[in-house]
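Undergrad: Sequence:
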Amino acid sequence: MNKEIFIIGSDRSSNLTSIARQHHPHSAVVADILSLPHFPGSFDFAISIAVIHHLSTPARRIEAVASILECLKPIGTALLYVWALEQESSRRGWSEGDDQDVMVPWVMRKKGESERTFQRYYHLYRKGELEADVISAGGEVVESGYEKDNWWVIANRGSPS
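Everything in the sequence shown is counted per this note's numbering, starting at 166 for the first residue and increasing by one.
A portion of the hints provided could be inaccurate.
[To be verified] Label pairs and their in silico Cβ distance ranges:
#, residue 1, residue 2, range
1, G277, D197, 29 to 37 Å
2, G293, W271, 22 to 30 Å
3, G258, S200, 30 to 38 Å
4, W271, S200, 21 to 29 Å
5, E261, I212, 24 to 32 Å
6, S301, H189, 36 to 44 Å
7, F204, S254, 38 to 46 Å
8, K276, L199, 29 to 37 Å
[What the hints assert, rightly or not] Pairs of lysine-lysine residues, derived as DSS-like cross-links and limited to a Cα-Cα distance of at most 30 Å, are as follows:
#, residue 1, residue 2
9, K292, K275
10, K313, K275
11, K292, K238
12, K238, K168
No wet-lab data here; the hints were simulated from the structure. Being a predicted model, the structure only gives us computed values, none of them experimental. Note that beta-carbon positions come from the ideal geometry of N, C-alpha and C, so glycine has one too.
Whole structure, please, built from the sequences with the hints as guidance.
TA: This is how it looks when you write it as structure tokens:
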């Protein structure tokens, strides 16, 4: 890793941010994607993996994308990953005709305790939907694609209006 790069992670989970803080000299903060504590225009690069698809309305998903883009410097770039609806060849088997808004079981296992299963909300993105969210948030799509059951976009803040 480039020693000139300082990384700041953000997550809703205090447990995950505690783990991330152990990777010195980098840092992590507990934060909500819709209310990021970072100064606008302060990052060269932002990465959002498996976050946006947990928001339940189109408006909240677009707001999340806008929140990420707002943190970028004018020449900054963001990489966004979301779960895809088109997963016919995966173990999940979702396809174009399936519902986009689903509850997915998440199993928590701790040593010495019985398993606990939680249902987690996911919005499964259709082809082109993430790009549309970036544009609706005022950003520009630089590149996009599909990889391992996920849609991804590389985006920047877009031109000032």
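Undergrad: Does 30 to 38 Å hold as the CB distance between G258 and S200, or does it fail?
TA: holds, 35 Å
Undergrad: Please verify whether K292 and K238 have alpha carbons no more than 30 Å apart.
TA: holds, 28 Å
Undergrad: Does the Cβ pair G277, D197 satisfy 29 to 37 Å?
TA: Hint holds: Cβ distance 32 Å, inside 29 to 37 Å.
Undergrad: Checking one constraint from the list: CA of K238 to CA of K168, max 30 Å. Satisfied?
TA: Between K238 and K168 the Cα gap is close to 20 Å, so the pair holds against 30 Å.
Undergrad: Does the Cβ distance between K276 and L199 fall inside 29 to 37 Å?
TA: holds, 35 Å
Undergrad: Verify the proposed pairing of K313 with K275, using a straight-line Cα cut of 30 Å.
TA: This hinted pair holds, its Cα atoms lying about 28 Å apart.
Undergrad: Given the range 24 to 32 Å, decide if the beta-carbon distance of E261 to I212 lies inside it.
TA: Roughly 28 Å apart at Cβ, these two residues keep to the hinted range, so it holds.
Undergrad: Return holds or violated for the Cβ distance of G293 and W271 against the range 22 to 30 Å.
TA: For G293 and W271 the Cβ distance comes to about 28 Å; the hint holds.
Undergrad: Check the hint pairing K292 with K275 against an upper bound of 30 Å on the C-alpha distance.
TA: This hinted pair is violated, its Cα atoms lying about 37 Å apart.
Undergrad: Kindly confirm whether 21 to 29 Å is satisfied by the beta carbon distance between W271 and S200.
TA: Roughly 24 Å apart at Cβ, these two residues keep to the hinted range, so it holds.
Undergrad: If I claimed the Cβ atoms of F204 and S254 lie 38 to 46 Å apart, would that claim hold in this structure?
TA: holds, 42 Å
Undergrad: Taking 36 to 44 Å as the stated bounds, is the beta-carbon spacing between S301 and H189 within them?
TA: Because 38 Å falls inside the window, the suggested range holds.
Hint check: a violation occurs at hint 9 only; the rest are consistent with the structure.
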